[in-house]
Amino acid sequence: MNAATRSSTLSYESGTLFSAKAWAGIVAVAALFAALPALNLIFPPGHSLYVSAFAIALIGKFMCYAMAALALDLVWGYAGILSLGHGLFFALGGYGMGMYLMRSGKPSPDIVPDFMTFLSWKTYPWFWSFTEHFWYAMLLVLIVPGLLAFIFGYFAFRSRIKGVYFSIITQALTFAAMLLFFRNETGFGGNNGFTDFKRILGFDITSPQTRAVLYWTTLAALVGSLVLGRAVMQSKLGRVLTAIRDAESRLRFLGYEPLGFKLFVWTLSAVICGIAGALYVPQVGIINPGEMSTENSIEMVIWVATGGRGTLIGPIIGAGTINGLKTWFTSVFPEFWLYALGLIFVLVTLFLPQGIVGLVRKLGRGDKGQSS
Amino acid sequence: MKQLMNAKRLKNEAALAMERDGSGAGGEASYGRLSTGGLDTTHGAILYLEDITVVFDGFKALNNLSLDIGVGELRCIIGPNGAGKTTMMDVITGKTRPTSGTVFFGQTIDLTRLNEAQIADAGIGRKFQRPTVFEQHTVFENLELAMKADKHVRPTLFARLSATQRDRIAETLELLRLTGEYRRPAGLLSHGQKQWLEIGMLLMQEPQLLLLDEPVAGMTDAETERTGELLNDLRGKHSLVVVEHDMDFVNQIAQGGKVTVLCEGSVLAEGTMEQVQADQRVIEVYLGR
Numbered sequence: 001m002n003a004a005t006r007s008s009t010l011s012y013e014s015g016t017l018f019s020a021k022a023w024a025g026i027v028a029v030a031a032l033f034a035a036l037p038a039l040n041l042i043f044p045p046g047h048s049l050y051v052s053a054f055a056i057a058l059i060g061k062f063m064c065y066a067m068a069a070l071a072l073d074l075v076w077g078y079a080g081i082l083s084l085g086h087g088l089f090f091a092l093g094g095y096g097m098g099m100y101l102m103r104s105g106k107p108s109p110d111i112v113p114d115f116m117t118f119l120s121w122k123t124y125p126w127f128w129s130f131t132e133h134f135w136y137a138m139l140l141v142l143i144v145p146g147l148l149a150f151i152f153g154y155f156a157f158r159s160r161i162k163g164v165y166f167s168i169i170t171q172a173l174t175f176a177a178m179l180l181f182f183r184n185e186t187g188f189g190g191n192n193g194f195t196d197f198k199r200i201l202g203f204d205i206t207s208p209q210t211r212a213v214l215y216w217t218t219l220a221a222l223v224g225s226l227v228l229g230r231a232v233m234q235s236k237l238g239r240v241l242t243a244i245r246d247a248e249s250r251l252r253f254l255g256y257e258p259l260g261f262k263l264f265v266w267t268l269s270a271v272i273c274g275i276a277g278a279l280y281v282p283q284v285g286i287i288n289p290g291e292m293s294t295e296n297s298i299e300m301v302i303w304v305a306t307g308g309r310g311t312l313i314g315p316i317i318g319a320g321t322i323n324g325l326k327t328w329f330t331s332v333f334p335e336f337w338l339y340a341l342g343l344i345f346v347l348v349t350l351f352l353p354q355g356i357v358g359l360v361r362k363l364g365r366g367d368k369g370q371s372s
Numbered sequence: 373m374k375q376l377m378n379a380k381r382l383k384n385e386a387a388l389a390m391e392r393d394g395s396g397a398g399g400e401a402s403y404g405r406l407s408t409g410g411l412d413t414t415h416g417a418i419l420y421l422e423d424i425t426v427v428f429d430g431f432k433a434l435n436n437l438s439l440d441i442g443v444g445e446l447r448c449i450i451g452p453n454g455a456g457k458t459t460m461m462d463v464i465t466g467k468t469r470p471t472s473g474t475v476f477f478g479q480t481i482d483l484t485r486l487n488e489a490q491i492a493d494a495g496i497g498r499k500f501q502r503p504t505v506f507e508q509h510t511v512f513e514n515l516e517l518a519m520k521a522d523k524h525v526r527p528t529l530f531a532r533l534s535a536t537q538r539d540r541i542a543e544t545l546e547l548l549r550l551t552g553e554y555r556r557p558a559g560l561l562s563h564g565q566k567q568w569l570e571i572g573m574l575l576m577q578e579p580q581l582l583l584l585d586e587p588v589a590g591m592t593d594a595e596t597e598r599t600g601e602l603l604n605d606l607r608g609k610h611s612l613v614v615v616e617h618d619m620d621f622v623n624q625i626a627q628g629g630k631v632t633v634l635c636e637g638s639v640l641a642e643g644t645m646e647q648v649q650a651d652q653r654v655i656e657v658y659l660g661r
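So the protein lines, in turn, are chains E and S. One point on numbering: in my numbering, the residue at position 241 of the first sequence is 241, and numbering is uninterrupted. Here my numbering runs 372 ahead of the position in the second sequence, where the first position is 1.
In isolation and in its complexed conformation, chain E is listed as follows (with noise of 0.2 Å):
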């Protein structure tokens, strides 16, 4: 603060994290949605302010897109690579919170589901050691997206692997990932996946008060990554990572390194899917190999286009909009859905090239406090 009144010509604000009306706007937003589950919990079913259980499992879900949408925009709509597997990290983080969750239902962890007695497997194999607690399942949430993504982006972007080649790539490696999960004898319940959750840390899974505070987590994730997002890209690191999208080779030339760069961003982003996968999974009760499926990683660009990418709260209105839709169109007209899906997105790359933020920021005279 010091430096700027002391810096005679130039009052350049950087570094300011949100304006004071955008904190405002996100502090409102997450505590109306934060009060949900507890009109759900305090009013009886048929009283006016009564949001059903359904609701509450919706919208929860809902946050865990938008979680993946928001870590899909850090490297799509800020550096500039389209990812078309984040389906992959999306579904490892919940097959780590799927496996602790099947284990904990059980009356003994160690005895093995289903599908490994059909295998003849008396033990669960080396992989899935000591899932069976909580923090070190969790702690797998983290690594396995973000080392997979670490070591895949080293090799891809030591290559200087770009643009629509490298969207092919982890399309590519989505896919194989989708066909070895489907295998039964690899060890992932093939393509019945995990399901028949019962309890997740000694709490029944299904009580609302269980639902109430996995709701409230998935929001304070969700909340916490768009802060972590924001802060990383008001940084100088932020600035480079556009600057990698807009103009790569310049910035070479002037002594970055762009790979180190990429990594960073590409392996957070992995992470913060892998636990919006890992908050998905209790919220739905199953986890199987279609969360990998092409169209789910393609309907997750879908999202950040329409939302607006590079704004970080695009991204999550885009999944919300989207999901909404969907929810509402595969109630009424279910066969028509992909044809409005491909429509939307078509009716948005024409109109709306900066999605919905865009057009507000366009009639609200970009007075919306996310303007960088």
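What the hints contain is simulated information worked out from the structure, not anything from laboratory work. Where hints are given, some of them may not hold.
[As the list claims (entries may be wrong)] In silico negatives: residues of chain E with every beta carbon more than 12 Å from chain S:
{"no.": "1", "residue": "Leu32"}
{"no.": "2", "residue": "Leu58"}
{"no.": "3", "residue": "Ser108"}
{"no.": "4", "residue": "Tyr136"}
{"no.": "5", "residue": "Asn191"}
{"no.": "6", "residue": "Gly224"}
{"no.": "7", "residue": "Ser249"}
{"no.": "8", "residue": "Phe264"}
{"no.": "9", "residue": "Ala340"}
[Stated by the list, open to error] Computed list of lysine to any residue pairs in SDA-like fashion (alpha-carbon distance at most 20 Å, straight line):
{"no.": "10", "chain 1": "S", "residue 1": "Lys467", "chain 2": "E", "residue 2": "Ser249"}
{"no.": "11", "chain 1": "E", "residue 1": "Lys362", "chain 2": "S", "residue 2": "Gln508"}
{"no.": "12", "chain 1": "E", "residue 1": "Lys362", "chain 2": "S", "residue 2": "Pro557"}
{"no.": "13", "chain 1": "E", "residue 1": "Lys21", "chain 2": "E", "residue 2": "Ala231"}
{"no.": "14", "chain 1": "E", "residue 1": "Lys362", "chain 2": "S", "residue 2": "Arg556"}
{"no.": "15", "chain 1": "E", "residue 1": "Lys162", "chain 2": "S", "residue 2": "Asn487"}
{"no.": "16", "chain 1": "S", "residue 1": "Lys467", "chain 2": "E", "residue 2": "Glu248"}
{"no.": "17", "chain 1": "S", "residue 1": "Lys520", "chain 2": "E", "residue 2": "Glu248"}
{"no.": "18", "chain 1": "E", "residue 1": "Lys362", "chain 2": "S", "residue 2": "Leu560"}
{"no.": "19", "chain 1": "E", "residue 1": "Lys61", "chain 2": "E", "residue 2": "Glu295"}
{"no.": "20", "chain 1": "E", "residue 1": "Lys61", "chain 2": "E", "residue 2": "Ser249"}
{"no.": "21", "chain 1": "S", "residue 1": "Lys467", "chain 2": "E", "residue 2": "Lys362"}
{"no.": "22", "chain 1": "S", "residue 1": "Lys467", "chain 2": "E", "residue 2": "Ser159"}
{"no.": "23", "chain 1": "S", "residue 1": "Lys520", "chain 2": "E", "residue 2": "Glu257"}
Ideal Cβ positions, reconstructed from N, Cα and C, are used throughout, including at glycine.
Given the structure of chain E, go ahead and fit chain S onto it with the hints provided.
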């Protein structure tokens, strides 16, 4: 005279290095990172190219090119299209690896073994033919990104602008006559302003050697003249290599200094502008058309 300037420069650099250490930015030594004060230029030359050959699919873009640039020198390089001027820049900055030959920066740094970022970090700045600035970033941010600093990931994440750094950006803006534009996205600047901004970004890097590829291409006469003044300002403070087509401009900045004529990938002639212009072979391949 030259030696005196050199000594002065070294002193400046030592002061800068101290300042940087004092700010506590990481301070960890790493591969390819060189302390700038320590560039060994004992033989008076900052850059040596020796027998450089670059072959692209059988085509020799550079053919046994040998060249050296003195400390504090402003060297103009001219030559017809396809003479290998840009390829030479690519070799020096690590964008292209030579098929054979050696490139030394000072006495000790072998540039053929470093990548672009390491070479930039060692103290070579490059301006491209087309102005390349970060169009979505403001003018201020462009200079901030270019500024000499520890450009590894962690120090960058936690970097904060100090008052001295702000003042340095302010000074550079003044020099570029862009003070009024510092908050504008660089993409909105005029062509000439972008060229100046890019030169300013090079200055923020505090390089020992500046490579400028056609710095006045596409500029109006007034802008060209202003660019000439800017380069004359830099003379002596940095070693400069300017590749240029515009003969009037070369005349303006060469000022009796050495001019090198490249043709078909090797040096055709070297000397003052008058000598070069009088050279029969040069007239044949280039000036006479």
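Next on the checklist: Beyond 12 Å on every Cβ pair: is that true for tyrosine 136 of chain E relative to chain S?
Outcome noted: The assertion about tyrosine 136 of chain E holds, with a minimum of 28 Å to chain S.
Checklist entry - Are lysine 162 of chain E and asparagine 487 of chain S close enough, with their CA atoms no more than 20 Å apart? => result Status holds; Cα separation ~18 Å.
Checklist entry - Does the no-contact call for serine 249 of chain E survive, Cβ to all of chain S over 12 Å? => result Per Cβ check, serine 249 of chain E is inside 12 Å of chain S; nearest 8 Å; violated.
Item to check | Restraint check for lysine 467 of chain S with lysine 362 of chain E, where alpha carbons must lie at most 20 Å apart | outcome: Violated: lysine 467 of chain S and lysine 362 of chain E sit about 41 Å apart, past 20 Å.
Checklist entry - Keeping to a limit of 20 Å between CA atoms, is the pair of lysine 362 of chain E and proline 557 of chain S held or broken? => result Holds, at about 17 Å.
Next on the checklist: Check the hint pairing lysine 520 of chain S with glutamate 248 of chain E against an upper bound of 20 Å on the C-alpha distance.
Outcome noted: Between lysine 520 of chain S and glutamate 248 of chain E the Cα gap is close to 18 Å, so the pair holds against 20 Å.
Next on the checklist: lysine 467 of chain S and serine 249 of chain E were given as a pair; does the straight-line alpha-carbon distance stay at or below 20 Å?
Outcome noted: holds (9 Å)
Checklist entry - Are all beta-carbon distances from alanine 340 of chain E to chain S longer than 12 Å? => result Alanine 340 of chain E is indeed farther than 12 Å from all Cβ atoms of chain S, at 33 Å.
Next on the checklist: If we take the beta carbon of glycine 224 of chain E, is the closest beta carbon in chain S still more than 12 Å away?
Outcome noted: holds (18 Å)
Checklist entry - With d taken as the least Cβ-Cβ distance between leucine 32 of chain E and chain S, does d exceed 12 Å? => result The claim stands: leucine 32 of chain E keeps its Cβ more than 12 Å from every Cβ of chain S (closest is about 33 Å).
Checklist entry - Are the Cα atoms of lysine 362 of chain E and leucine 560 of chain S separated by 20 Å or less? => result holds (18 Å)
Item to check | Hint consistency between lysine 467 of chain S and glutamate 248 of chain E [alpha-carbon to alpha-carbon, up to 20 Å] | outcome: This hinted pair holds, its Cα atoms lying about 13 Å apart.
In summary, the numbered hints that this structure violates are 7, 8, 20 and 21.
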